[in-house]
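Peer 1: If you're matching them up, the sequences are chains A and B in order. The opening residue of the first sequence carries number 1 in the numbering used here; numbering runs sequentially from there. The opening residue of the second sequence carries number 1 in the numbering used here; numbering runs sequentially from there.
Misleading hints may appear alongside valid ones.
A pair counts as met if it fits within one copy or between any two copies, since identical chains are not told apart.
[To be verified] Cross-link-like lysine-lysine pairs, in silico, DSSO-like; alpha carbons within 30 Å at most: (1) K32 x K315; (2) K302 x K223; (3) K306 x K108; (4) K62 x K25; (5) K306 x K203; (6) K89 x K150; (7) K310 x K203; (8) K89 x K139; (9) K108 x K40; (10) K306 x K317; (11) K315 x K204; (12) K223 x K90; (13) K326 x K35; (14) K223 x K310; (15) K62 x K44; (16) K32 x K223; (17) K90 x K313; (18) K43 x K315.
I should point out that these hints are in silico values taken from the structure, not numbers from a laboratory. Being a predicted model, the structure only gives us computed values, none of them experimental.
Protein chains: 2
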Amino acid sequence: MKEVTLKQIAENLGISITTVSKALKDYPDVSKKTKALVKKEAKKLHYTPNVFAVNLRTKQSKTVGLIIPEVVHHFFSSVINGIIEQAEKKGYLVIILQSNESYKLEKKQIELLISKRVDGIMISLANSTVDISHLLEVKNLQIPLVMFDKISKLVDCSKVIIDDRQAAYLATKHLIDSGCKRIAHFRGALLPQNSIDRFLGYKKALEDHGIEYDSTLVYICEKVNYEEGREAAEQLLKDHNDVDGIFCITDLVAVGAIAVFNERGIKVPDDISIMGFSNWFVSSAITPSLSTVDQPGYEMGKTTFKMLFKEMKAKKKEEPFSAMTKVLDTAVIHRNSTR
Amino acid sequence: MKEVTLKQIAENLGISITTVSKALKDYPDVSKKTKALVKKEAKKLHYTPNVFAVNLRTKQSKTVGLIIPEVVHHFFSSVINGIIEQAEKKGYLVIILQSNESYKLEKKQIELLISKRVDGIMISLANSTVDISHLLEVKNLQIPLVMFDKISKLVDCSKVIIDDRQAAYLATKHLIDSGCKRIAHFRGALLPQNSIDRFLGYKKALEDHGIEYDSTLVYICEKVNYEEGREAAEQLLKDHNDVDGIFCITDLVAVGAIAVFNERGIKVPDDISIMGFSNWFVSSAITPSLSTVDQPGYEMGKTTFKMLFKEMKAKKKEEPFSAMTKVLDTAVIHRNSTR
């Protein structure tokens, strides 16, 4: 396509480029008649203002970057939904990159977003991210940054999280209150903060209610998926015959466990109670429906963009900005997989 | 943040701007020593080349736009996954917009992407889109365009689809082959092509196998979601007591129907067989596991970007390009919800 320029419109109409430019921007010193003529010609030629040129002047790309571990994931896709809806309201476009839980990819993607000069970056860390120098670089360059869900406490930036430890504590307490005495935990990998916090919440709830913590009841689901939920349930059936409750790190793992128990004729919740985490909409559709913790993904996305917007606005106005951490509410949801 | 320029690097090192520019681009007429010095200084000052300036020269944004009806949706999130993985391999970033099945929003988003001068656009149409002038405008501007899944036959551009009619025919035939004689269809809205094609495939399969088509057995699920699957199943139980099979437009609708039958003690597949469509991973996790049609979302995303890339490359080289339609394979998957 041949690029249509202001010059061309000016030549076609026999007026100056300055007049064309002013007419398109509705300057008061151009007559209504000229404005109408210019706009008609611009439309005819399919003229669109060159946003990259505009950007050189305003130093704003009106584009933000989002790095997320996994796109095909109910919680994260709810977050994406909240972010792009809120961004669009404010006239921002969102570039979405998927780290696939890889630190190496995440680092490369941060560099890519920096080189693209996005106005701000939102990120939920990959499970394998330990080194945070790429994030400190974002801070150094004074690019607005918000972390959500999987965060690092070592980076001084705005954060949107839930209180994973407290939520896991209440989920485990729900199992205890319903009569469970020997409670297993299907946890996530060892590194991510939310996996650690949910484990600590589980452990603390046992301790506070006089139930001895037994490390052999903790199973690791490295990838936190359906298949691992099945595997952990099958291993648990081999290892222990006295477990009467399981707190799973996510609904997906819990759904895998329930499928195994259903197949083996083990009754949920009569023989064993299952508690999930995240309130994936499928959890109310399975049999029995899953008790879980509601984790507000859409809300988290909305809040994440709102905080980024605040920081971008402050930067534009050269006003001071202090990072803050927003903790969103969760709630235990009692369905049919617990008594 | 103060913008670091080539000028600053040049001043700090006491050399010319041209030398700095050449050094950063690895021109052979600059000494290795100078290159090393320039690169070290550039790194120290956090210099990044201004991509918007680069864009003015190359006329490429290396950014593509994707408009999708719904992000929180297993099939579409698989498509997104395929697209962003493939785009990243080729050095492209993807701006994702969600039309929420609204024609008005979709039209606005097309205009936004045009004004952002993306190098290409990928789109799956909203259910409410009838007017296609916004897409013809994309063609007019010679912006590479690929449609996938929900397409319009009236737009002459590359397309990636499955043969919905044939897939639905085989899904219905599977129910007939397993012994079903009175088969209902939970269809989608009246407008979208894939909803029409799946209905026509269902109807043709009945006719080809000597089963009379009965329009009272067709239920419309406008939003194609879990809740509507439940409602249609409940309505069906009120209207008919002789139906022994249902072909559902998607797994989500089928999962809703199965939940209702499970709750009412109606045995699937002994009393009624259920066939889904899409092979959402949850469909193997529910009880009974769902027979369905495998619809390759990830593959569709990969192919969509590949076709867009081909067109963008042809455009850059000013080579001719003819649009083509790629039809991806589907397969009937027999699980426990059909006999």
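Peer 1: Work down the list of hints and note, for each, if the structure agrees.
Peer 2: So, going through the hints one by one against the coordinates:
1. K32 x K315: So K32 and K315 fail the 30 Å test inside a copy (37 Å) and across (38 Å) alike.
2. K302 x K223: both (26 Å within a copy, 24 Å between copies)
3. K306 x K108: both (26 Å within a copy, 22 Å between copies)
4. K62 x K25: both (19 Å within a copy, 28 Å between copies)
5. K306 x K203: For K306 and K203, neither the intra-copy (34 Å) nor the inter-copy (49 Å) Cα distance is at most 30 Å.
6. K89 x K150: both (25 Å within a copy, 26 Å between copies)
7. K310 x K203: For K310 and K203, the Cα distance exceeds 30 Å both inside one copy (38 Å) and across copies (55 Å).
8. K89 x K139: both (26 Å within a copy, 27 Å between copies)
9. K108 x K40: between (45 Å within a copy, 20 Å between copies)
10. K306 x K317: within (17 Å within a copy, 42 Å between copies)
11. K315 x K204: neither (42 Å within a copy, 62 Å between copies)
12. K223 x K90: between (35 Å within a copy, 28 Å between copies)
13. K326 x K35: neither (48 Å within a copy, 46 Å between copies)
14. K223 x K310: neither (34 Å within a copy, 35 Å between copies)
15. K62 x K44: For K62 and K44, both the intra-copy (27 Å) and inter-copy (27 Å) Cα distances are at most 30 Å.
16. K32 x K223: neither (63 Å within a copy, 47 Å between copies)
17. K90 x K313: within (11 Å within a copy, 33 Å between copies)
18. K43 x K315: Answer is between; shortest inter-copy Cα gap is 23 Å, intra-copy 35 Å.
Figure legend: structure checked against the earlier numbered hints; hints not met, in rising order: 1, 5, 7, 11, 13, 14, 16.
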